Each structure stands twice: as C-alpha cells, then as structure tokens.
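Spelled out, the chains give:
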Amino acid sequence: MSNARHASLQLPFETRTWKLANGLVVTLMPRPALHQTYAMFATRYGSVDRAFVLDGQPHEMPDGIAHFLEHKMFEDPEMDVFARFAAHGASVDAYTTFDHTAYYFSATGEIARHVRTLLDFVQSIHLTDENVEKEKGIIAQEIHMVNDHPDRRAYMELLKAMYHVHPVRIDIAGTVESVNAITKEQLILCYETFYHPSNMVLVIAGGFDADEIAHVIEENQAKKAFGEAPSVERLYPDEPTPPVRSRHRVPFSVQEPRLLMGWKEANGAFGSNLIEQDMAMSVLLDALFSPTSAFYQSLLDEGLVDKGFSAGYQLSNTFGYTLVGGRTPDPDRLAERIQSYVSRVRERGIDGESLERSRKKIMGRILMSLDQNAFLVRNWVTYFLRGAEAFDFDDVIAVLQTLTLERANARLQEHLREDNLVVSAVVSS
Amino acid sequence: MESFQTLDAGRCQVHALEHPAFRTKEIALKLHLRMSRDRVTEMAMLPAVWMNGTRSLPNYRQIALAADDLYGTHLRASISKRGGYHILEVGASVPDVPGEDEARLVDRALDLVLSLALDHALGIGGFSDAAVEREKELHRRRIRAIRDDKAAYALQRCHQIACRGTPAGLPRLGFLEDVDALTATRLHEVYRELLAQAEVHAYVVGQSSDMAGLAERVAERLADGLPDGREVRAADADSDVVAPDDLRGIEEVTEAENAEQTQFDLAYATGIGFGDEQYPALVAMNGVFGGFAHSKLFMNVRERRSLAYSVWSFVDAATGLLTVYAGIAADKREEVRDILEAELESVRRGEIASGEWQETRASLRNQYKQMLDQPTMLIAWHHHALMAGSRRTIPEMMEAVERVRPEDAARVAAGLRPVCLYVLEGRGNRT
Chain Z
1 MSNARHASLQ LPFETRTWKL ANGLVVTLMP RPALHQTYAM FATRYGSVDR AFVLDGQPHE
61 MPDGIAHFLE HKMFEDPEMD VFARFAAHGA SVDAYTTFDH TAYYFSATGE IARHVRTLLD
121 FVQSIHLTDE NVEKEKGIIA QEIHMVNDHP DRRAYMELLK AMYHVHPVRI DIAGTVESVN
181 AITKEQLILC YETFYHPSNM VLVIAGGFDA DEIAHVIEEN QAKKAFGEAP SVERLYPDEP
241 TPPVRSRHRV PFSVQEPRLL MGWKEANGAF GSNLIEQDMA MSVLLDALFS PTSAFYQSLL
301 DEGLVDKGFS AGYQLSNTFG YTLVGGRTPD PDRLAERIQS YVSRVRERGI DGESLERSRK
361 KIMGRILMSL DQNAFLVRNW VTYFLRGAEA FDFDDVIAVL QTLTLERANA RLQEHLREDN
421 LVVSAVVSS
Chain E
1 MESFQTLDAG RCQVHALEHP AFRTKEIALK LHLRMSRDRV TEMAMLPAVW MNGTRSLPNY
61 RQIALAADDL YGTHLRASIS KRGGYHILEV GASVPDVPGE DEARLVDRAL DLVLSLALDH
121 ALGIGGFSDA AVEREKELHR RRIRAIRDDK AAYALQRCHQ IACRGTPAGL PRLGFLEDVD
181 ALTATRLHEV YRELLAQAEV HAYVVGQSSD MAGLAERVAE RLADGLPDGR EVRAADADSD
241 VVAPDDLRGI EEVTEAENAE QTQFDLAYAT GIGFGDEQYP ALVAMNGVFG GFAHSKLFMN
301 VRERRSLAYS VWSFVDAATG LLTVYAGIAA DKREEVRDIL EAELESVRRG EIASGEWQET
361 RASLRNQYKQ MLDQPTMLIA WHHHALMAGS RRTIPEMMEA VERVRPEDAA RVAAGLRPVC
421 LYVLEGRGNR T
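Chains as they are written, first to last, in our numbering: chain Z, 1 to 429; chain E, 1 to 431.
If we strip away everything but chain E, and leave its shape as in the complex, we get (with noise of 0.2 Å):
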C-alpha cells in the first residue's frame, strides 16, 4: 500500500508519494514550531503576508496570474495549529494536461512555492509598509469574524479554556490587542525567526515519471533558500495532551448571543494523544459514543428526542480532548447533558452491543481507506504522524482499530474526565 519516501536534507525532510491514479499533482511546504504569546499574532499573519507580494511578484495579482497560466494551479498559503503548534503552510495543486511538459509545469509550480515562502525581503511586496498596514486591517477582521461561525467560535472557547496556561490554549489567529503595535521591521523578524527555528516538511504527492529527481530538486532549492538552523526532530517534540485529572474539575462557562440557537461543547480530557498506544481505543469508544449517525448520541439525541439537528464527539488528536458538541434550544441543556451522560456511561460499563461495535469498526476502516484516495488527507496524515513523534501510517492505524476489544474502549471511556463546559446562549428567536 502507498508510502511515503523521505529525502532526509538535514534542516528539512522532502516527503515524496508516486500515486498512478491522480492527475492532480500536490505540492506542500509546511513549517511548525511552538506557539508563543510574545509572537503568535505575528507568526498567524505571516501566510497572508506572504500572499501579498513577493521580491519577484510584488503583489497578489502577480501571484495569481502566475498560478493561472500554469492551468489554474489552486495556490494557497494558511495558517493553522495542532495542539500548541502553528503551522504554517504554503500549498499548490496543479494538474496533468494532455500535451503539457509535465516536469515544466510542476517546477514551475514548486518555484512559485518555495518563492512564496522564502523569497521575500523587508519593504518589498508582502513586507512593505502599506501592504503590512492593509494586512492588519484584515487580520483584525479576521479576528473579529470568528464570532459569526457560531459553532467554531463555541469549539475554539470551549478548547482555550480547556487548554489555558498552554501553548495550546492560544488562539490560532493570536489577539486583536496586538495587532496595533506591529510593523514590517517586527514582522520581518519574525519571519526570519520562523526560518530559523521551524521544523519544516515538503511533500509531493501524484503521478510522476520521476519523483525520486522532483523529491531532490526540492530538496535542493529548500537547502539553498533557508538558513542553516539548529535540526529540530520529532524526538524533541512537546506533548499537549491534556491529563485528566480528579482533582481538576469541570469549568462550566456561559456566554449570552443574539442567535436563534445554543452551541453546546462539553469537553473531556482523555490523558490519549495520536502517539499513544490507547489512541486507536479511544477512536472506537468516540465512533460508538458520538462519532458516526448510528452512535448512542445521534441516536439518542437526535432522533429519539428530536432535541438536535447536529450532535457529534470528536477527538482531538493533539490535546486529547474529547468534544461533545450539539445546537440545541437553550432550554434544553440540562436534557441534553443528562443523556449524555448517560451514554458516557453506559459505554463506561461496557454496554455496547455487537451491531454497534460492527457498525463502528466498519465505518473507520471505510474513512480510511477513503484518505488513501485524497492526497492532501495522506499528506496530512504523515505530517500529522511526524509532529506527534509517531510512525503509525493510516493502513497500520486501520489495523490497529481492528485489534480494539470493546472491553479497551469501555477502559478509555471510564478515563473520561470532563474539563470544560462552554455553551453559547442563543436567545431563541432574534430581538
């Protein structure tokens, strides 16, 4: 089954998958480190930056019109985190057409890449003041626009109160309060900063006559444009996986929102992250619990007590945390809280019957074996693998799923502690 060939370049890793069905080739550059209060709002807008101009494409539109003439070649530059990691990656899918020069067209894509991750210089393009100046005008909406994805917003709060005092418990956009003070010249230093300091991974996932070749080239022209830096490996890695502790107890948080509907979010620490040996356990007990549309939850929830359109679980890999979330009446909440606890517990003492179980294993095998046929999941996946110092690819995960006893999920559920409550408190119908 497909695996990864890893070019080991010293401060970076080329990570390289020849994969016959797809036509569209998938390029990524992806650079994590810890977050930080003192720079994570920096570190959040440097992809948005990046996007704005480089020292050869001075602007967005020389940017766009760069990636259209290679077909439309779907160019992206985001922020992300894992944990109390960001990441920050810049992305390129680019397709196979009849009568084109393959290899042409790929590294042209990877140049436009790499230079929008490394070609850049104080007072140019991206880093020029009035571009800086715009960017902060739009981070700060970004910041401010959280807040009308109702269920993200409620997630996100639920989970930095989970995770308060740690690196992952910062926002992933940083803090509106500083978005004033920056300046290029500070931008700039943090983007250096990122070069030196990152762990940074490159993929290249699709068909290809030669990706041994492609997987050096990008190892060269990697080497040539990052600063030699202290090599930072998995080994090192922190661990956010939040402990369930007794002794901690449950925060119940809520706020007021002129919405038409509560968001609900209950989270448990698990004390499993994605390395751990339980993490496959914990999978199942979460796809029985609240994980799938014939889970205890949906089933309960929703279709004996109609009190939701949307009730799931799901877990965070990074912290451990396993969420309960469902949009419900603000009248409702105790209801809701008193089944699922309930569940919890009847999961806890092992009451899971034998078509559940069935139901449960077969639709985790099916999403994975579904991540095989999307590059952008399997590059995901590895990256995802790498951060958490693991190697468990997906086939070995969809075995190690198989292996899982009722009984060992029955063990995680009983390890359930609850950390936080958030519920955003619609007021039923708009004033």
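Same shape as in the complex, but just chain Z (with noise of 0.2 Å):
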C-alpha cells in the first residue's frame, strides 16, 4: 500500500476566491454532482470580542451579547426570516463561537434567490426595545437547556479552572444576569463595529452555477453604501501562562462523574501557523490517544473509560488547549493514569510508526469529509476568519503530509507539560 505522505490527491472541485470592492471574502465551490448548497455568512466576532476600542472611545458589553445579537438578526419587519427562506425550500440557523457568528442556509434549488436573502437579512438590523425585550426569555431558556447538560458543564468547568480573565472563560450565551442587561443601543453598537463587510466572508459549496451566484453577489452587495471600515481595537485582558487552578471538581446532579484534562496555551496563534500547529496537534493526539493505542486498550481493560473517550484540539488567535476526557466511574484514578502515561511518552516522544498510521488515517478521513458540503464550508470559514486569508483544502494536506515526527515530538515536550495542566472531574451531587 501506498504510504500516505506521497499520495497524490486532486480534490473534486474547484475553489474560487476573491474579494469584493466593499472588503467582504467570497469563496464559491461548485459541486455540479450534488443537489444540496450550503452558503454560510460569517463575521469575525464571537463572545470574547466583548471589550474594544472604536475610533478612539473604550467600550466593555455585557457577556453574551454576540450570541445575542445572532438571535436578533433573524428580526425582520416584512416577513419572519424562517419563513422566507423556508417559502422557497431553504432551511436557515446561525451559531455563535468564542470568536465568530455564522449564518448559513442548506437548500436543493433557487440558489440565487437564497443567497440574496441571506446576505440581505444579515446586512440590516430591524431592534426595537420591545423585540430586544421578548428575546431574553428565549435566551434564559437556552442557557438553562446548556447548563442542564453535564459534558457542556464538565468543558466551561474546566475552561474557568484554566483562564483567570480570558473571557474565554465566560459562556458563549452569558448568563440570565447578564443578557437581561443588555439593551438595543448596545447592540447596535456591536452590530455596527463588527459586521461591515470587510470583517466578514462568505462561502458556499454545493450544486449551483458559479458565475451566476458571482454575479448575484456582486451586483447585490454593489448596490448597498457601508462607508468606511470602523476602527476597531479589541481588548483581551494579558492572560498568565499557567492556569488558574490545577484540579477542579464540580458536584453536579449526573449519574456519570466526567473527567476532563486540559493542557493550555500560552499564545493562541493566525493562519498558516495556526494551520500546521493544528495539524500537528491533530496527529500527536491521536497518536498518543485514539483506539490503536495500547494506552486506550488499558483504560478499557481497567473499566475506567467507555468508546466515548476522546481527545481533542482548539486553537484561535488568542487561545488554545488541548482537552482529554469522557466518562469515568473513578475521576481520580483516571486523572492518575493519564498523567503518568503523558509523562512517560514525554520521555521518549511518539514514534514513527503511530506517526504514520494517525497521518494515514486523518488523510483518509480529511477525503472522506470532502462529501459533506456543510462540514467543507464550516472549516473553510473557521481557519479563513482565524487569519488563513489564502486559505485551501491543499494547504491542509500539505501540512498533513509533510509532518515530521521531531514536529510532533516537539509539540508533546513544549505543550503536555504538567505546569499548563488542569484536572477538572463532574462528579454526583
């Protein structure tokens, strides 16, 4: 068999990028073999964009207002925005992260008119006190819905043991508290400072025809005045490296207690870096461990974990970790396993031949994500807005392929240690 540094891949389609007069990214992928489009319109703010500078005067918002104003600009006078895209066989929804807002529609036919639709109901905002008002008892309700959830609860637990004052800390939605202070000047002012066109982008994959949605989106955007570009500095507060605790335990109402480990980053990191050390990381972990470990295998034998434990990596311009975890009858004894283990392979690092099967096998599984318009288009969006501006699927795999096992190795002694490490368990109440 082939190895998997030297394949040879052609992806099924065509990537076509560029950026309009107004500043806003577009990037088209048109799929001819498919039914399904998938367009998402995102803008480079998120919760922790929550303290800024606009031309020179200091703002502080209230936690939550981003997912806030997400939830807001589905308010249109004319007609309700679901209904205007379902009128014509489209589904729509958004989501707010830490560090972006997204607003996508899914649909099989009347691309043109959707695209239109999306960029239209984004690019105006229709608040009254009255509407900001009714939204706060939809929000409360979601949070309770969030914090009712006890892996939600088990990863903010832990990301407020491993921040002191990086809003990171702070949940996505904010709390009842907070979101009923928020009022519709301010989220004006949000809307305003973060959502003219050159903070945002604009990608869709799926079966249409490229030049006609490139004209659509031309013509719509020439006809609308943004003016300049708001001068915008963000304020994040200066983030020691270590982390605020290094154990954390949270009595909650669970059957199951909950372990999760996380390794912090000092810095978060932009583009092309933020791509390869994301790479880097994707590879060490499942080296270190996924299923074909026989650490993994242990855990089984032993009754500690379930086939839900699990690894994973984030990584953003202003933050990053790493968490390792899942269910556990025994918290501690896990925690125990996993750290002497980490610090054993610390000693000799990872070797090459778990380096080539986890290369091997994050190639087959990058091919086979290629399949789902929605998953393209969500990585597409995140790495573009985290700083990758030429960003494209060959670049990923080109990293991937080029991953050497003194990188990955490197990666283990400078981000695994024990002095960036929190333990955080769920345990019944």
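None of these hints come from the bench; they were simulated from the model.
Mixed in with the good hints, there may be bad ones.
Simulated pairs of lysine to any residue, SDA-like, Cα-Cα distance not exceeding 25 Å [what the hints assert, rightly or not]:
(1) Lys224/Z x Met79/Z
(2) Lys369/E x Ala33/Z
(3) Lys307/Z x Pro329/Z
(4) Lys307/Z x Leu57/E
(5) Lys134/Z x Ala342/E
(6) Lys307/Z x Tyr153/E
(7) Lys136/Z x Ala151/E
(8) Lys307/Z x Ala342/E
(9) Lys19/Z x Glu218/Z
(10) Lys72/Z x Asp209/Z
(11) Lys307/Z x Glu137/E
(12) Lys307/Z x Asp111/E
(13) Lys307/Z x Arg55/E
(14) Lys136/Z x Asp338/E
So these bits of chain Z aren't anywhere near chain E, every CB distance computed over 12 Å [claimed, not checked]:
(15) Glu14
(16) Arg344
(17) Arg346
Computed from a prediction, not measured in an experiment: that's the story for all the values here.
Here a beta-carbon is modelled for each residue, glycine too, at the ideal position from N, C-alpha and C.
Now that you have both chains on their own, put them together as the hints suggest.
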C-alpha cells in the first residue's frame, strides 16, 4: 500500500476566492453532482470580543451580547426570516462561537434567491426595545438547557479553571443576569462595529452555477453602501500563562462522573501557523489517545473509560487548549493514569509507526469529509476567520503530508506539560 | 433518479447503489428482529460485545488498527430501535484514496464489517468471560447515563408510556436489573438466535466500477457466514402503530428532576405509519403544526410568547406518534399546553394560510432532496421502508407530499388523540 505522505490528491471541485470592493471575501466551491448547496455568511466576532476601542472610545459589553445579536438578526419587520427561506425550500440557522458568528442556509434550488436573502437579512438590523426584551426569555431557556447538560458543564468548568481573565472562561450565551442587562443601543453599536463586510466572509459549496452566483453577489453588494470600515481595536486582558488551578471538582446532578483534562497554550496563533499547529496536534493526539494506542486499550480493560473517551484540540487567535477525557467511574484514578502515561511518553516521544498510522487515518478522514458541504464550508470559514487569508484544502493536506516526527514530538514537549495542566471532574452531587 | 439494485440471496438481501458524487463508500449490515422482554437487554449489548473482539481480531485495539490501516475507515457497531424492532448494525465508511486500489480497500473493509458481525465464538474476544464482565459494567453505565440527557430521557419515557405493554414500549438498551445475571454463555446463545432469526440486509453505496460484482461478493460471504434460517420478509412485519382509541384517554405523568429546565413531551396517536396512504398528509400536517421554524408552534410558543428556546413537533413513522416537545420553565406548563391545543384546533379547522402551506411543502421538498446527497440517509430510508412493508422511495415521497392538500392535513389533525403527557420538572434553579 502506498504511503500517505506521497499520495497525490486531486480535490473533486475547484474553489474560487476573491475580495469585493467593500472588503467582503467570497469563496465558491461549485459541485454540480450534488443536490444540496450550503452557504455561510460569517463575521469575525464572537463571545470573547466583549471589550473594544471604537474610534478612540473604549467599550465594554455585557457577556453574551454576540450571541444575543445573532438571535436578533432574524428580526424583520416585513416577513419572518425563517419563513422567507422556507417559502422557497431552504432552511436557515446560525450559531455563535468564542470567536465568530455564522449564518447559514441549506437548499436544493433557487440558490440565487437564497444568497440574496442571506446577504440582505444579515446586512440589515431591525431592533425595537420591545423585540429586544422579548428575546430575553428565549435566551434564558437556551441558557438553562445548556446548563443542564453535564458534558457542556464539564467543558465550561474546565475553561473557568484554566483561564484567569481571558473571556473564553465565560459561557458564549452569557448568564441570565448579563443577558437581562443587554440594551438595544449596545446591540446596534456591536452590529455597526463588527458586521462591516470587510470583517466578514461568504462561503458557498454545492450544486450551483458559479458564474451566476458570483454575479448575484457582486450585484447585491454593489447596491449597498457601508462606508469606511470602522477602526476597531479588540481588547483582551493579559492572561497569565499558568492555569488558575490545577485541580477542579464540580458537584452536579449526574449519573456518571466526567473527567476532563486540559492543557493550556501560552498563546494563540494565526493563519498558516495556526493550520500547521492544528494539524500537528491532531496527529499527536491521535497517536497518543486514539483506540489504536495500547494505552486506550488498557484503560478499557481496567474499566476506567468507555468508547466515548476522546481527545481534541482548539486553537484560536488568542487562546488554545487540548482536552482529553470522557465518562468514568473513577475520575481521580483516570487522571493519574493519563498523567503518568503522558510523562512516560514525553521521555521517549511517540514513535514513527504511530505517527504514520495517524497521518494515514487523518488523511482518509479529510478525504471523506469532502463529501459533506456543511463540513467543508464550516472548516473554510473557521480557518479563514482565524487568519488563513489564502486558505486552501490542498494546504491542509500538504501540511499533513510534510509533518515530521520531530515536530510532533516538539509539540509534545512544549505543550503537554505538568505546569499548564488542569484536571477537572464533574461528580455526582 | 437514484435507486437501489437488490440482489435477493435467500437468507439475506444485498442492496447496492452506484453514486458517482461520493468519495466515501458506505457499507452497512443491518439485522433486525422483534424486541421481546426476555432478551431485550442481551440483544442491546451485542454490538458493543462484537466491538470488543472477534476470533481473528481479539480486542478493540486490533479492530481499530485494522480500520486505521484502511485510511481511517470509520467502523461502527450500533443498536437502535424502530417501533418494536431492534436493529443491530455494523457499518463502515471507506474513503476513496487516489493511487490506492479501490476494490482492494473496499474488500478489506467488507471483510472487517462481516467479521465483526459473524466471526465470533464463545470464550474468544468479545465473548470471553473477562470482556463480558467489563461490558456488563459499561452497559449498566450506558443505561444510567440516559438520564443525563434530559430531553432524550423525557422523550423516551413519554414513548414508553404511550406504547406500554407492546414491544415498542421496551427501552432500546434494555433493563438494568437484567444485567447482573448475564454470562458469556447466555449472550452467545442470544447471538446465535439473532443470526438464525433476524432479517438481514446489506448495503453498499458509492463510486464503483463494478457495483454488481461487489454486491455479489457481499451476498456470497454473507451466505457463508449466516446459518440457514427461516426467511423473514416484510410481508409478515408486525405493525407498531398506536391506535387513536377514543376510550383510552390521556395519561399524565410528572417526575421531578434536579435541573434548571422543565422538559415537556406530549404524544398524540395518529394511527398512521410509514406505509400508510395517509402518511404524506401526516408529515405535511406536522410541518405546519410544529415541524419547522416557520411552524405554528415555533411562531406562537417561542417567537410571540418567549416561552421556550426549543419547541418542535415530530412524527415517529413506526408508532405513528406525533410528539410535541418544549424546554420550558416549570410554571409555564399550562400556558404552553393551552397554546399547543389552540394551534392544533386551528389546523383541525383548516386554518392554514397559503404562505404556511407553501413554506411547509417547499421545506419538505428540500429536506427530502438533501437526503439524496447523504449515503447513510439513503440507506436508512430504504431500510425503514422495507421494515414498514412499503416500497415508497424518497422521490415518490416527494411526489406524494406535493399532492397533499390543506384539507387532507386538517383531516389527519382531526384524528389525533393525546395519549401521554410526560413532564420532567426542573426546579428552576439548581440547589
């Protein structure tokens, strides 16, 4: 069997990326063999962007405002936004993350119409004191729903134990109290600050005609005036390198305890550095913790984990961390096993065979993901908004193919240390 | 449009679909049989037991290594239920890798899938005493963990109550109290019953230069691995559709939970299952009522009254239950109930605006058309139709929905009877 490092890959579609006069970056991935088209319009604005200087004036916003704004973009005086898409067979939704907000539709026809609707509803805002108040009850129920979920709770508790002041320690939706404090004026200020086209990206993949859609986008945007891009400086507090505490324990109404271990990065990363580090960590974590490792099998044999045990990595412009964990009957024992395993592997590094196996697996997983428009678009948007301006899937594959054992082991040494580790357990109350 | 080619091999059927757009090949082996109280827990454990090792790959790590060697082929074994049937499934998603011999990769993945289901012996791999003891503990934990997902738990309870006394009322994972007494011998006995009694369907979807040849190879290998058994075909399928009996009345159950939010689930019997003539009308009616973000429930419970973030209605095609779900504050329960009853009445009276009707039909068309891009959805639809004794394809369903008129939806709504209101009451704030 040929080596994954040397497989030559031809993407099953072309990508076309360009920047409009107003600063909006557009990427089209036409795929005529597919019925579905998935389009995403996203802004580089998330829950961590809570403090900023606009035209020399400092502002600090209540927690959860980016997510609140996402909800309110669906307000339209003429026709409900959901109904407007539905009338022509599209479904629309949105989400807010720590560092971006994304609006997307999925449709199988009339793509030009839906692209216009997507651009139009996100590029206009219709707030009244009344409709802002109305949203607070809906968001409160959303917050309650999330708070009742043990895995989500375990995750947020870990971040609270990891970060002293960086706003990634705060829930994306904020709290019921912070949401109640949000005003119409604050929402409008954030909208005007962060929804300028030069801060946004539009990405579309699926069964559409690229020339037609490119024309529709150009025409739609040329008709609108946005003015100069605002001068914005985002303020993030200076985050100390060590975590807040190394041990954290949360009592919760839960049938089975959860353990999450997190290693904190000292810095975030941008663009191609971010992609490289992201891929290096994907391979390293797979080699260390995937079911093909002898360690994983030993945890199963000891009854310490189930097959939901997993590891993952997050890297953004201003923060980053590794998470390892899952459900376990004995969080303390599992934490001890993982800690001693990592310190043992650190002494000798991962071996070349494990690295090749993980590289091959991740290569196959990327190839399979190309069948999923939604996955393609979300990935593109995330990398782009994190600074990979000329992002291309070929680049990701190239990074994966050229990753060396030395680099993976260097990451092991510099990142998976004792002094940046947080052990967090959610246990039955 | 896409359609499966079926190879009838007696004991099993192989369904193949050549699909040029996909770079992933999907292979699935589905075994289904009637759930029964005396072996529901054993049956539920089998897929996990299989993953713990076969005769040739004696532990999970060996299985994972074999899958990763096939470019990270995603291998899975799962238990699901549809009405009163258990479905045991082994599946693999195999990437097309440039420069690799496609047939070789797929054949090796196929071997892996078939061996996971068929290559077992008592005392070896997943059926060794040690592996069974470990799996029993994991299974206890799986059953207990259902309660950690409040919304899923509440829905399961609601449907169990609505279907009480029938196979459809049995829980997917079985019962905690059964687990202690289980042994490797007992699990292996139930495993042999499964191979002898289940209806077996295999699926292959994706790009292939020789799909017919591939289907034949699947059929041959299955014939080698399966014992001869009675042929079970959809014609003798049992129906799990709950009758909308006027004499039954609604059962209301409230349980308390240490949670912030209250889960509200109200199930109606419609008497209409997947294979019924009226099924497209039921799906359209549900779309207008609570199936989409433009629906009556979403607009009135969430957008106008701010009572919920999540509020939906959905149809279970096997039992014909239409269930309304909402995550609410405990003291809003009656208000939510009043709104949904009023909205149901308005559908019954045929108060469906032309806009609402158009939005619903277009949304359903979009939903079905998107399924055509998803191999696992194509497989699931085909299999569910088989189980319901129906031949209705996705394109046929789209056409049938087009023909539904608002008065058909109103007539279906008129036949709904509430059978269970289940409320998992949160205390508002955590103590």
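Given the hint that lysine 307/Z pairs with aspartate 111/E, test it: the Cα-Cα distance must not exceed 25 Å.
holds, 22 Å
Would the pair lysine 307/Z and proline 329/Z pass a check requiring their Cα atoms to be no farther apart than 25 Å?
holds, 13 Å
Between the alpha carbons of lysine 307/Z and arginine 55/E, is the straight-line distance 25 Å or under?
It holds: about 20 Å lies between the C-alpha atoms, which stays within 25 Å.
Distance restraint between lysine 307/Z and glutamate 137/E, which requires alpha-carbon spacing of 25 Å or less
Judged against 25 Å, a Cα distance of about 13 Å means the pair holds.
Are all C-beta atoms of chain E more than 12 Å from that of arginine 346/Z?
Answer for arginine 346/Z: holds, closest chain E Cβ roughly 22 Å.
Hey, does arginine 344/Z actually stay past 12 Å from chain E on C-beta?
Given that every Cβ of chain E is farther than 12 Å from that of arginine 344/Z, nearest at about 18 Å, it holds.
Holds or violated: are the alpha carbons of lysine 307/Z and tyrosine 153/E at most 25 Å from each other?
The hint holds at about 21 Å.
Does alanine 342/E lie within 25 Å of lysine 134/Z when you go C-alpha to C-alpha?
Holds, because 22 Å separates the two Cα atoms, which is no more than 25 Å.
Status of the stated non-contact between glutamate 14/Z and chain E (beta carbon gap over 12 Å):
holds, 15 Å
With a cut-off of 25 Å on the C-alpha distance, tell me whether lysine 369/E and alanine 33/Z pass.
Cα-Cα ~13 Å, so holds.
Pair hint outcome, lysine 72/Z versus aspartate 209/Z [Cα-Cα no greater than 25 Å]
The hint is violated at about 31 Å.
Quickly compare the C-alpha distance for lysine 136/Z and alanine 151/E to 25 Å and report which way the hint goes.
Between lysine 136/Z and alanine 151/E the Cα gap is close to 22 Å, so the pair holds against 25 Å.
The earlier numbered hints that this structure contradicts are 8, 10.
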